[in-house]
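Residue numbers (my numbering), protein chains in the order written: chain A, 1 to 271; chain B, 1001 to 1160.
Rather than coming from a laboratory, the hints here were simulated on the basis of the structure. For glycine and all other residues, C-beta sits at the position ideal for the given N, C-alpha and C. Incorrect hints may appear among the rest.
To be verified - Covered, in the sense of this in silico footprint (three residues per stretch, anywhere, with C-beta under 8 Å from a C-beta of chain B), are these stretches of chain A:
no., segment
1, 72-83
2, 91-102
3, 106-112
Claimed, not checked - Not close to chain A: a few residues of chain B, all C-beta gaps over 10 Å, as computed:
no., residue
4, Pro1006
5, Ala1011
6, Leu1022
7, Leu1025
8, Phe1041
9, Thr1043
10, Pro1052
Stated by the list, open to error - Here are some, though not all, of the chain B residues that point toward chain A, as calculated from beta-carbon distances under 7 Å:
no., residue
11, Phe1029
12, Trp1035
13, Leu1048
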Amino acid sequence: AVMLAYPVGYTVWLSLHDLSPFNLENPEWIGTENYAALLKDTRFHAALERTAYFTLGALALQVALGLGMALLFNHNFVGRGVVRTLFLLPMVATPVAMSLIWMLILNPVDGVANWILETLGLPPQLWLNSADSVLPTLILMDTWQWSPLVMLMILAGMTALPHEPFEAAAIDGASWWQSFRFLMLPMLRPTIMVALMFRSIDCLKTFDIIYGTTQGGPGFASETLNLYIYKTGFDYFRLGYAAAALVVFFTLVLSVSLLLIILRRRTEAAA
Amino acid sequence: MRSQNPRRERAVWKRSLFYLALTLLTLFFLFPIIWMAMASFKTQVDNLATPPVVLFEPTLENYRETFIRNPFPRYTWNSFVVAAASTAIGVVVGAPAAFSIARFRQRGLAVVILAARIMPAISYLLMSSSWQRALCPPSAICCRGIFSFCGSRWSGRTSR
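When you get a sec, could you build the whole thing from the sequences and use the hints?
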């Protein structure tokens, strides 16, 4: 417990001080000044909004796609095992290496993505190079990497479901949609909640794919909380201020996951 | 016979839709990886060509560069050491902790450990002195380990 509590405690302690490379030896106690400054920091607010946007977008896409794919893989077809294994490749790929590959693919001038779009008669995109499209593109990259994980979790939940309710529903003449909506979804809810919890924590904390591609740019267009804190701490060396932002960030992620835990327990109690 | 036909037609439609969706998804998920593999055999010129080239003369130059001009085995060894050590520590510390949480239903402890997983890795970097840094990797690893054990237990419960 000491090992766990120490970093948290130290961060909180640091957030109440003014610490920079100029006074590493004796940080100055400034109370809640760092927090007061955070409240007025528009760049911090913007980063907060971007983090929310990224997380909500990525979660929605990943759960929808993961659920859809799990439904597909719940059928029997030739080569199911092989295809399913192939689908897990994105999860195994290293995020930093994939960032480089995505930069190659999504290059607006000579990338293959735009070439495909043009061949299909669609307008080419600026992808990571425009302030308007950089976050959706990053969401797409995150979705590519992690919806297989969501698929795997939901699929595991699906195969564990009992057959009887579905047979009964079929005999009663329920349509496919009805048995999906009123049987499968409610029974899968705990599984989906677990997937949501894992993914929301990781999405809020996303760092590698953003740092590997845009470093928060163009401008500040893809600067999420984690990136902003990293820059404050290690580019601008405002360590105390970074710690304060970190405490806020940490509280945010913790409350989101606690909320999800409570929701989950409630659905479990209802089931 | 006549009533049989529309139904069969619908089944065929469904089948083809199913395979279409499957193919599109496979393309989406595999394309970047295939492209990466292809890029590794291409020359710089081919990699930057417009329109992109699909058929090209493969070269091993990139691999030569990787293995001979860089200490690639050393990098691999480093990754391996980190992975093996953190797995070992994670299991040794994590398994008993996860067991106690599961057996004695220590919700509070579970939340504390969850908190450690939530904590952004940057806060470990913020520690300035060396003895503080020495503490970080083990604690980070243990939390991860414990949590994944709890995680498997939790998802195990849901699939019941």
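Here is what the structure says about each hint:
1. With a cut-off of 8 Å between beta carbons, the segment 72-83 of chain A has 4 residues touching chain B; three or more are needed, and the interface restraint holds.
2. Only residues whose beta carbon comes within less than 8 Å of a beta carbon in chain B count, and the segment 91-102 of chain A has 5; three or more means the coverage holds.
3. Residue count for the segment 106-112 of chain A with a Cβ under 8 Å from a Cβ of chain B: 4. That meets the three needed, and the coverage hint holds.
4. Pro1006(B), annotated as away from the interface, keeps every beta carbon of chain A farther than 10 Å; the closest lies near 17 Å.
5. Every Cβ of chain A is farther than 10 Å from the Cβ of Ala1011(B); the closest lies at roughly 13 Å, confirming the non-interface assignment.
6. For Leu1022(B), the non-interface assignment is contradicted: its Cβ lies about 6 Å from the closest Cβ of chain A, within the 10 Å cut-off.
7. Not every beta carbon of chain A lies more than 10 Å from that of Leu1025(B), the smallest distance being close to 6 Å; the non-interface claim is violated.
8. Every C-beta of chain A lies more than 10 Å from that of Phe1041(B), the closest at about 14 Å, which supports listing it as non-interface.
9. No beta-carbon of chain A comes within 10 Å of the beta-carbon of Thr1043(B); the shortest separation is about 14 Å.
10. Look at Pro1052(B): its CB is around 4 Å from the nearest CB on chain A, not clear of 10 Å, so calling it non-interface is violated.
11. A distance limit of 7 Å between C-beta atoms decides the matter here; for Phe1029(B) the minimum to chain A is near 5 Å, and the interface restraint holds.
12. A distance limit of 7 Å between C-beta atoms decides the matter here; for Trp1035(B) the minimum to chain A is near 6 Å, and the interface restraint holds.
13. Using the Cβ-Cβ criterion of 7 Å, the hint placing Leu1048(B) at the interface with chain A is satisfied: the shortest such distance is roughly 6 Å.
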